[in-house]
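In the order they appear, the protein sequences are chains W and S. The opening residue of the first sequence carries number 1 in the working numbering; numbering runs sequentially from there. The opening residue of the second sequence carries number 1 in the working numbering; numbering runs sequentially from there.
To be clear, the hints were calculated from the coordinates, so they are not data collected in a lab. Glycine is no exception: its CB is placed at the ideal position from the N, C-alpha and C atoms. Certain hints may be false.
What the hints assert, rightly or not - Residues from chain S that face chain W, not an exhaustive set, calculated with beta carbons under 8 Å:
#, residue
1, Arg-20
2, Phe-95
3, His-105
4, Gly-107
5, His-141
6, Val-167
7, Tyr-175
8, Gln-183
9, Thr-189
10, Ile-191
11, Gly-195
12, Val-198
As the list claims (entries may be wrong) - What the simulated footprint calls covered on chain W by chain S, stretch by stretch (three residues with Cβ under 8 Å from a Cβ of chain S suffice, anywhere in the stretch; the number is not a length):
#, region
13, 100-110
14, 134-147
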Amino acid sequence: MKAHASTIEANWEQVLAEAVFKYAGSAYKDINKMQEDDADVAKAYKGYVKHWGELKGFSMALQSGRNNLGETAGTMNELILFGPVTLDNSYVTGVTSSGDFKREKRMTWNDYQLQLLKVQQLMVDKFSVASRVNDQLADLGALAEMLGDQSNAETD
Amino acid sequence: MEYTAIFDDFLSDFIDPKKRIFVGYLGLSLIIAYVWLVAVRRSTLKTAHAQIFNRKVFFSKSARVDYKLFFINRAFSLLVSPLLITQIAIATFIFYALHRQNIVHSGQFSDANKTFVVALFSLSMFIADDFTKYFLHRWMHRWPMLWAFHKVHHSAETMTPITVYRVHPAEGILYGLRSAVAQGIVISTFIFAFGNIVDLYTIVGVNILVFFFHMAGSNLRHSHISIGYWKFLEHVFISPAQHQLHHSVADEHHDKNFGAALAIWDWLFGSLHLSEAEKDITYGLGLTESGPKTIVDMYIKPFQDISKILILNIRKVRKLLFLSSSEKPFEARFGPKL
Ligand SMILES: [Zn+2]
Numbered sequence: 001m002k003a004h005a006s007t008i009e010a011n012w013e014q015v016l017a018e019a020v021f022k023y024a025g026s027a028y029k030d031i032n033k034m035q036e037d038d039a040d041v042a043k044a045y046k047g048y049v050k051h052w053g054e055l056k057g058f059s060m061a062l063q064s065g066r067n068n069l070g071e072t073a074g075t076m077n078e079l080i081l082f083g084p085v086t087l088d089n090s091y092v093t094g095v096t097s098s099g100d101f102k103r104e105k106r107m108t109w110n111d112y113q114l115q116l117l118k119v120q121q122l123m124v125d126k127f128s129v130a131s132r133v134n135d136q137l138a139d140l141g142a143l144a145e146m147l148g149d150q151s152n153a154e155t156d
Numbered sequence: 001m002e003y004t005a006i007f008d009d010f011l012s013d014f015i016d017p018k019k020r021i022f023v024g025y026l027g028l029s030l031i032i033a034y035v036w037l038v039a040v041r042r043s044t045l046k047t048a049h050a051q052i053f054n055r056k057v058f059f060s061k062s063a064r065v066d067y068k069l070f071f072i073n074r075a076f077s078l079l080v081s082p083l084l085i086t087q088i089a090i091a092t093f094i095f096y097a098l099h100r101q102n103i104v105h106s107g108q109f110s111d112a113n114k115t116f117v118v119a120l121f122s123l124s125m126f127i128a129d130d131f132t133k134y135f136l137h138r139w140m141h142r143w144p145m146l147w148a149f150h151k152v153h154h155s156a157e158t159m160t161p162i163t164v165y166r167v168h169p170a171e172g173i174l175y176g177l178r179s180a181v182a183q184g185i186v187i188s189t190f191i192f193a194f195g196n197i198v199d200l201y202t203i204v205g206v207n208i209l210v211f212f213f214h215m216a217g218s219n220l221r222h223s224h225i226s227i228g229y230w231k232f233l234e235h236v237f238i239s240p241a242q243h244q245l246h247h248s249v250a251d252e253h254h255d256k257n258f259g260a261a262l263a264i265w266d267w268l269f270g271s272l273h274l275s276e277a278e279k280d281i282t283y284g285l286g287l288t289e290s291g292p293k294t295i296v297d298m299y300i301k302p303f304q305d306i307s308k309i310l311i312l313n314i315r316k317v318r319k320l321l322f323l324s325s326s327e328k329p330f331e332a333r334f335g336p337k338l
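Just need the whole structure built from these sequences, with the hints factored in.
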């Protein structure tokens, strides 16, 4: 029974890590969509906020499991942030004494996308995520593989 | 592994369209050679045949060494295979780094015309590959420590398509690293700018431009069939005759035509030499260079040469330090002896 429980625990963690991976990728894509020339920004932003919410939710669930994630949890939270980067590129850094959100810091979309990539990498490194939905680096890897076995060591 | 399986593995390059010695490319090179000799040089078919299948070339001592190296180097080719990991690592690193600038955002041009993007990617890949090949090749000639390795290739005194395998494994690794860097840069930049529409135009799995390079008789570069192009074309593409000239012992051909497919790099950087019809070329290292004499030498001698260069340099440095302090003549330091 105990063995079963730990298997379920490990599988559950895996499922959550895969969800974090997936929604980090969704949010990345949404940011691209928002920046398109003919973008319906309001609609794209809505999608982005929704996916960010899923990302945050699954990342919270991941760190509230039985295993203490320690440093990984800290890194993950720093990368995902307290709240999404909003349209004016500000984001929540904490709460003031009067209970308002502090949002004095700004971050470019590129920078935040980089953090989302790092979230995906973290999931791969720490939980060996196998099912990689919305993998931003997948195209990179596929092209590298396609070119990689061309006869590049050929000299003259 | 069964004996036949090992043999199959050794000969797999002949049936792999990604390799220069793929039978299809060899066959086409052969046809080009016949057409050239009969239609341009006005030979009879019989003399063309005799000239192409010259026993003195294919069974020369140099060629027989090439055949042996072909088999031995297969084993070393395994050293190059981990390079894919390096390539992905480089691509990922640059892809991350591109997020740190704010001029272009990720996927900014993802609505570009796909045909255009794929064509641009295929072309950029080909040019980046060819450009880095030019520079590495140039360095292999100009830097004594790299020349120690590249000398192995230039020690060929007759050339056949198999001479492309007369290469020290260290050179193979350097070329592999070069391609990892070139491809890593191009792949990451394109994915960042264009997103997932990036793809490569291929024929039989090969970049279409590389395919045409091989179809145009790339095997004749290492052969005795001296095909030259028109002058203007030899400024754009390296002809077989131009590469043969690169292997010449003559002083005026020294350090010319480093290019692989494109001649424009040689043209731009002052190392272009057009082909010269009716001029017999002697291939090899010439009298002033000592090349490897045995098969073992092919692998060992570069390292001996390099250690000699290192020792020489250490001596030079020591001499310099010595002279500036204690090795100065007595008078110079303390004035005339009394
Ligand atoms: Zn050379």
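Evaluation of the provided hints:
At a threshold of 8 Å, the smallest CB-CB gap from S:Arg-20 to chain W is about 6 Å, leaving the interface hint in force. Satisfaction of the interface hint for S:Phe-95 is found here, the shortest Cβ-Cβ separation to chain W being roughly 6 Å, below the 8 Å cut-off. The closest approach between the C-beta of S:His-105 and any C-beta of chain W is roughly 5 Å, which is under the 8 Å cut-off, so the hint is satisfied. For S:Gly-107, the shortest C-beta to C-beta distance to chain W is roughly 4 Å, which falls under 8 Å, so the interface hint holds.
Proximity of S:His-141 to chain W is violated relative to the hint, the smallest CB-CB distance being about 11 Å (cut-off 8 Å). At its closest, the beta carbon of S:Val-167 sits 5 Å from a beta carbon of chain W; the interface hint therefore holds under the 8 Å criterion. For S:Tyr-175, the suggested interface contact is upheld, since its CB lies about 5 Å from the closest CB of chain W, less than 8 Å. A cut of 8 Å between beta carbons decides the hint on S:Gln-183: the least distance to chain W is about 5 Å, and the hint holds.
Restraint check, S:Thr-189 versus chain W: the minimum CB separation of about 11 Å is more than 8 Å; hint violated. Taking 8 Å as the C-beta cut-off, the interface hint given for S:Ile-191 holds, the closest approach to chain W being about 5 Å. Satisfaction of the interface hint for S:Gly-195 is found here, the shortest Cβ-Cβ separation to chain W being roughly 7 Å, below the 8 Å cut-off. Below 8 Å, beta-carbon pairs count as interface contacts, and S:Val-198 has one with chain W at about 7 Å; its hint therefore holds.
Under a criterion of three residues with beta carbons nearer than 8 Å to beta carbons of chain S, the stated coverage of the region 100-110 of chain W is upheld, 3 such residues being counted. Counting residues of the region 134-147 of chain W whose beta-carbon sits less than 8 Å from any beta-carbon of chain S gives 9, enough to reach three: the coverage restraint holds.
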